[in-house]
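Using the sequences and the hints, build the whole thing.
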Amino acid sequence: GHRKITSDGKLPAVGSTVDLEEASYRNTIGSPELSAVWTDPDFNKREAAVYYVRVLEIPTPRWTTYDAKVYGLKKIQQKPAAVIQERAYSSPIWYTPR
Numbered sequence: 020g021h022r023k024i025t026s027d028g029k030l031p032a033v034g035s036t037v038d039l040e041e042a043s044y045r046n047t048i049g050s051p052e053l054s055a056v057w058t059d060p061d062f063n064k065r066e067a068a069v070y071y072v073r074v075l076e077i078p079t080p081r082w083t084t085y086d087a088k089v090y091g092l093k094k095i096q097q098k099p100a101a102v103i104q105e106r107a108y109s110s111p112i113w114y115t116p117r
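Numbering (the numbering used here), first residue to last: 20 to 117.
Since the hints were made in silico from the structure, they are not lab data.
Owing to the predicted nature of the structure, the values given are computational and were not obtained by experimental measurement.
A virtual CB, placed ideally from N, CA and C, is assigned to each residue, including glycine.
Fair warning: there could be bad hints in the mix.
Below, in silico cross-link-like pairs of lysine to aspartate or glutamate (EDC-like), each with a Cα-Cα straight-line distance of 16 Å or less [to be verified]:
(1) Lys88 to Glu76
(2) Lys88 to Asp38
(3) Lys94 to Glu41
(4) Lys94 to Glu40
(5) Lys88 to Glu52
(6) Lys94 to Asp38
(7) Lys88 to Glu41
Restraint-style ranges between C-beta atoms, simulated for each label pair [stated by the list, open to error]:
(8) Tyr71 to Glu40: 36 to 42 Å
(9) Thr115 to Glu40: 48 to 54 Å
(10) Ile103 to Arg65: 41 to 47 Å
(11) Glu105 to Glu66: 28 to 34 Å
(12) Asp61 to Val89: 48 to 54 Å
(13) Arg117 to Gln97: 50 to 56 Å
(14) Gln96 to Ala55: 34 to 40 Å
(15) Thr25 to Asp59: 20 to 26 Å
(16) Tyr71 to Ser35: 23 to 29 Å
(17) Trp113 to Asp38: 21 to 27 Å
(18) Pro99 to Ala32: 24 to 30 Å
(19) His21 to Arg117: 42 to 48 Å
As structure tokens, then:
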């Protein structure tokens, strides 16, 4: 992608394709696949360790936004948020010394 980690260690937001009036979104941003190599700088082969990956979904309408569209509400409430980003965690990767 074109986003780069900033000097404070953060990655800029991916953006949003959410259309609040239509309670829809387009899956045209972000990456369909992520691959990386990471090395634990503190790895000690004599110590047990566990690792996992955390990912963020692109922004999508919250369920209340879909309801507002279905029931014909003219104004979509902003609290709770009309747009959300789901989070997911990978299965843990366990390392056990022999």
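Hint check results:
1. Lys88 to Glu76: Not OK: Lys88 and Glu76 at ~22 Å, beyond 16 Å, violated.
2. Lys88 to Asp38: 11 Å, holds
3. Lys94 to Glu41: The hint holds at about 12 Å.
4. Lys94 to Glu40: OK: Lys94 and Glu40 at ~9 Å, within 16 Å.
5. Lys88 to Glu52: 31 Å, violated
6. Lys94 to Asp38: 13 Å, holds
7. Lys88 to Glu41: 7 Å, holds
8. Tyr71 to Glu40: 36 to 42 Å: Holds, since Tyr71 and Glu40 (Cβ atoms, about 38 Å apart) stay within the stated range.
9. Thr115 to Glu40: 48 to 54 Å: 53 Å, holds
10. Ile103 to Arg65: 41 to 47 Å: This hint holds: roughly 42 Å between Cβ atoms.
11. Glu105 to Glu66: 28 to 34 Å: At 33 Å between Cβs, range holds.
12. Asp61 to Val89: 48 to 54 Å: 51 Å, holds
13. Arg117 to Gln97: 50 to 56 Å: At 55 Å between Cβs, range holds.
14. Gln96 to Ala55: 34 to 40 Å: Holds, since Gln96 and Ala55 (Cβ atoms, about 38 Å apart) stay within the stated range.
15. Thr25 to Asp59: 20 to 26 Å: Between Thr25 and Asp59, where Cβ atoms are some 23 Å apart, the hint holds.
16. Tyr71 to Ser35: 23 to 29 Å: 26 Å, holds
17. Trp113 to Asp38: 21 to 27 Å: Cβ of Trp113 to Cβ of Asp38: about 42 Å, so the range 21 to 27 Å is violated.
18. Pro99 to Ala32: 24 to 30 Å: Hint violated: Cβ distance 19 Å, outside 24 to 30 Å.
19. His21 to Arg117: 42 to 48 Å: For Arg117 against His21, whose Cβ atoms are near 43 Å apart, the range 42 to 48 Å holds.
The structure is inconsistent with the numbered hints 1, 5, 17, 18, although it conforms to all the rest.
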